[in-house]
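A.B. asks: Here's the letter readout for the chains.
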Amino acid sequence: MKAVMIIFNQANSERVEFIFDRLKINGFTWWSEVKGRGSETGDPRMGTHTWPELNSAAMTIIPDEKVDELLDCVKKLDEINKEVGVRAFVWNIEKSF
Amino acid sequence: MSIYKSAVNKPITTFMIFTAAIVMGIYSLIYIPVDLYPEMEPPFISVITSYPGANASDIETNVTRPMEDAFNRVDNLKEITSVSSDNLSVIFLEFEWESDLNEASNDIRDAIDLLYDYLPEEVSRPTIFKFDMSMIPIVFYAITADESYQGLSKILEDRIINPLNRIDGIGSVMLIGTPQRRIYVEADPVRLDAYNLTLEQIGNVIRTENINMPSGNIRMGMMDYQLRIEGEVRESYELENLVVGHFMGSSVYLRDVAQVRDTLRDLSLESRISGRQGVRMMVMKQSGANTVRIASDVKEAIEELQQGLPPDIEIMEIIDTSVFISDSISNLSQTMLWALFFVVLVVLFFLGKWRATFIVVLTIPISLIVSFIYLFITGGSLNVISLASLSIALGMVVDDAIVVLENISRHVERGTSPREAAIYATNEVWLSVIVTTLVIVAVFFPLTLVGGMTGVLFRQLGWIVTITVVTSTVAAISLTPMMSSQLLDLRKKGVPDSRLSHARLINPLLKRMEGFYESSLRVALRNKRKVLVIAIAVFAGSLFILNFVSTDFMPETDESRINAEAELTTGLRVEETIKVARELERIIEERYPEVELYAVSSGSDDEGGMAGLFGQGSSNMIDFVMRLSPIDQRERSVWDIADDLRRQMEQIPEIVEFSVTAGGGGMGDNSVDVEIFGYDFDVTTSLARELRELIEAIPGAEDVQVSRKDERPELQIVLDRNKLAENGLNTAMVSTALRNRVAGMTASLFREEGEEYEIIVRYREDFRNSVSDLEAITITNPMGNKIKLAEIGEVREYWNPPNIERKRRERVVTISAVPSGISLGDLASEINSVVASAEIPQGVMVNVGGAYEDMMESFMDLGLLLLISLILVFLVMASQFESFVMPFVIMFSIPFSFTGVILALFITNTTLSVIAGLGAVLLIGIVVKNGIVLIDYINLMRDRGHTLNEAIAISGRLRLRPVLMTAMTTIMAMLPLALSRGEGSEIWSPMGITLIGGLFFSTVVTLILVPVVYGIFSRRGERDKLQKVRNKFTFLNCDN
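Residue numbers (the numbering used here), protein chains in the order written: chain A, 1 to 97; chain B, 98 to 1137.
Keep in mind the hints are simulated off the structure, nothing from the lab.
One or more of the hints may lead you astray.
What the hints assert, rightly or not - 30 Å max Cα-Cα, derived DSBU-like pairs, lysine-lysine:
1) Lys625/B - Lys608/B
2) Lys820/B - Lys904/B
3) Lys806/B - Lys904/B
4) Lys2/A - Lys82/A
5) Lys35/A - Lys1125/B
6) Lys82/A - Lys102/B
7) Lys24/A - Lys2/A
8) Lys24/A - Lys75/A
9) Lys175/B - Lys904/B
10) Lys175/B - Lys76/A
11) Lys82/A - Lys35/A
12) Lys82/A - Lys608/B
13) Lys450/B - Lys82/A
14) Lys107/B - Lys24/A
15) Lys66/A - Lys24/A
16) Lys35/A - Lys102/B
17) Lys450/B - Lys107/B
18) Lys24/A - Lys102/B
19) Lys806/B - Lys175/B
20) Lys35/A - Lys1129/B
21) Lys608/B - Lys35/A
22) Lys35/A - Lys75/A
23) Lys75/A - Lys102/B
24) Lys396/B - Lys227/B
Model, not experiment: these values are computed from the prediction.
Turn these sequences into a full structure, and let the hints steer you where they fit.
C.D. replies: So this is what it looks like as structure tokens:
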């Protein structure tokens, strides 16, 4: 089991949801407004007058074999336009009940 | 859930809500009356009191003065003026605009009640008379007739006036100068004396013979008969056969001593239309009724009714006030369509996409239509002011939608789906959209609070622009995102632009402009001081030019009609007046082919009633109205013709004074009045004459008139009381006898076809037209002796003192002058200098007022408005930027918008009227909005970490398009308004000129000077609030 956290521009919400559905990923946790900035590229998303845009985040815990498939989709999403921005991070799940 | 999110998610609901607004707006539009100006109830009440037998100065001391003192306590009273003439006192009370006249008239009634017991016994109960807009005629007709002239009055009454009165919304219909049928019994005094008869005896015979009388009933057999004596004459000539007395055993018939003339009433007013005999008809509407609709109903009715008239009767329209109104309104509507067209062009030019343009432009009709609902609810009318307001708003309502749409399309271009882009992009900008709207509201809303006439006029403007702009903002954050989510689509990659596309044709052009602007901005930033000095010099220069811009109250309009009035020597008989009227008719026919129709009336209608009360009608006055061909069919304006007419009238020696009124009557007169206050008649009259001569010498001062008329010649009969007593007579008997013989006694009424005509018995004219005739008048005393007037008194010629006019409870003489070819303000300053140089006697006060005073008041109101607007705008901006400095930086562009206004007025040779001044005030909001767009972005760029100058230059480049776009939409929307040259354009074109001039100039200033001033006021690093806070964080400084 791996945890995948996708952080993306709010404007991509529907597409991320679509990816989950397409990959038959049922469970996820969704934060609709999160702030942050990229380490190298990407404007800050602070929801302020200066940086008006906002991000959303979604975390899903999926079987290992689905991870690559999901990251592949996220990459395709990013390629539509780099400016909009989407990132995914994966880590291990030690335990669950 | 936010409004834009709901709107995008429920497109149908959104669509329905706006459709509902449009439906309601259109419904309202159908029911909104059309008029020239917003409805203004003129705040005047007059109080009329008669005191029979008192002369002017008695009336002044005993009636007018105590009443004026009593009225002075009435609330909201602005000014009291009064006229005391023989037998009559008329007091005019002017109230503050929009005060409650019902309450005022109650107060007046109370004041009268308190005072009435202290007035002289004979004084009648004062009549309170409220002036009403419904007394102003909306259509004037001229009716001419040949054979039917004699019976015109009856024909018109039956066939025209009664049917017209049935039309819904008609207040009243009035005829002026109708011939009245009268039956005169004109006696020969010599014969009367010879037959030992008196005039009164003849009158009594007619009175006792000409009656029908029921005399009970009689029962005969089975029937009950009514008994009746029918003594009334059926034809007027039957009167001649009445037996009036006996002499030497034989009967004396009426025909033996008198002549019966069944004819028209003696001439005291002659009314001619285009040289033919005729009468004038005025149609008045009810207050608040739709002028345009009623006028067309009336016209239709007249057309139909004319069929039933004898063929020689012709009805022609002299003035139809609705024509000017509907022409102005259609002209203005056309102007608005052009404005719409230009705005669409501008939006398309900058956006380059049809769908985007459609979405933006859609906010225009919606916002405008919503304002109709406001008009409908408040009972307002569609008028020049409301339409001009819509024109002004037209360029501004697209701004918000543009900002929202731009952001949405930016997101869409980045590949976001339109639906999501619409939501999130609107979320990013909705707050700043509302703030810029607030700035506009801050300027327009105070307009709704201004008092006085300016307030009444411009309240609608304030409300309409506020409502439309707020609606446009609501539409921009609901409808625009919704439409964008539906209509915008993702651009497919890799499709090349066609050769004629926006991207290849206009975009490079705009890019080049942006580049040029950025580099010039950088140059300016390097030379801040120089730029500032040049700017201040330009502003100072414009203030200098202001000296050459003249001031006016309201722009005058060419309504294709001229009214003129000529006054001949006081006391002149009407026949002589008519001769001069003929001469004037000849001049009009010869010199002014533009005149389509003219109506001349000479003398006064002594049964004129109300008209006679307010106008100074008398036998020596000529009054004429001319209708000219439409503006586009003639070369001379009404003012040119009026000027020429004045030159012509100057050359007629009989004319003592005259006035020619060209241009709009809607907004009252346009005169400068010099008021001379002082008790002594001789002193003030001679000063008035002196000033009048001086004022007449001022070039451009026309129609100079003194309100105090010359003394009027009068014949007085001074009776010797001793001789009266000796002959058993008294003053009352003599005066009744004299009145019966000269004016005539109404003996009875002649009835025919349900109409009644007076039978008047009097001396034949050739026995009552000289002083010796008067002296030869026979009066029979109770003893039956015949006494000549000359035996008991003498006839003296005497000069009757003029009416006494008062203002602010002091005697006043007014000299009024109308500007021609120069502005009202210039004329007033010339007159002021004349008055200052004149020697004013002790105890006399001189004041310059009239329309000039109203103008000054209005400018004061505007000044106050300017101040309030500035403060409100400052408040809004200071809170938006959370700074005291930023508003000042932006407001730096305001003085330069005034520079633009001054230059525009100067170049186009337009006078600074209240309308133009209002335009200047409105500029504040529009100009500041541009500044905000720019400064906000500079702040943003600095917050994002760019250095000061870099931030300014980058923002300049990026914001050039939006700034140009908002400025251009507004300018282009005003352009048709400024350029229009049709009916009524004089009213609104100054506003267009002002706004364009100011906006154009201030846009340039915003683009260069505002960034430079920003640079001067800013310090490096001041925007870095984060750094400021962090400087206090010392916990990581390890060396502590």
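A.B. asks: Now tell me, hint by hint, if it's right for this structure.
C.D. replies: Consistency of the hints with the structure:
no. : hint                : result
1   : Lys625/B - Lys608/B : 25 Å, holds
2   : Lys820/B - Lys904/B : 45 Å, violated
3   : Lys806/B - Lys904/B : 16 Å, holds
4   : Lys2/A - Lys82/A    : 26 Å, holds
5   : Lys35/A - Lys1125/B : 22 Å, holds
6   : Lys82/A - Lys102/B  : 25 Å, holds
7   : Lys24/A - Lys2/A    : 16 Å, holds
8   : Lys24/A - Lys75/A   : 18 Å, holds
9   : Lys175/B - Lys904/B : 11 Å, holds
10  : Lys175/B - Lys76/A  : 79 Å, violated
11  : Lys82/A - Lys35/A   : 18 Å, holds
12  : Lys82/A - Lys608/B  : 24 Å, holds
13  : Lys450/B - Lys82/A  : 25 Å, holds
14  : Lys107/B - Lys24/A  : 28 Å, holds
15  : Lys66/A - Lys24/A   : 10 Å, holds
16  : Lys35/A - Lys102/B  : 20 Å, holds
17  : Lys450/B - Lys107/B : 25 Å, holds
18  : Lys24/A - Lys102/B  : 28 Å, holds
19  : Lys806/B - Lys175/B : 26 Å, holds
20  : Lys35/A - Lys1129/B : 25 Å, holds
21  : Lys608/B - Lys35/A  : 34 Å, violated
22  : Lys35/A - Lys75/A   : 21 Å, holds
23  : Lys75/A - Lys102/B  : 28 Å, holds
24  : Lys396/B - Lys227/B : 29 Å, holds
Checked against the numbered hints listed earlier, the structure breaks hints 2, 10 and 21; every other hint is satisfied.
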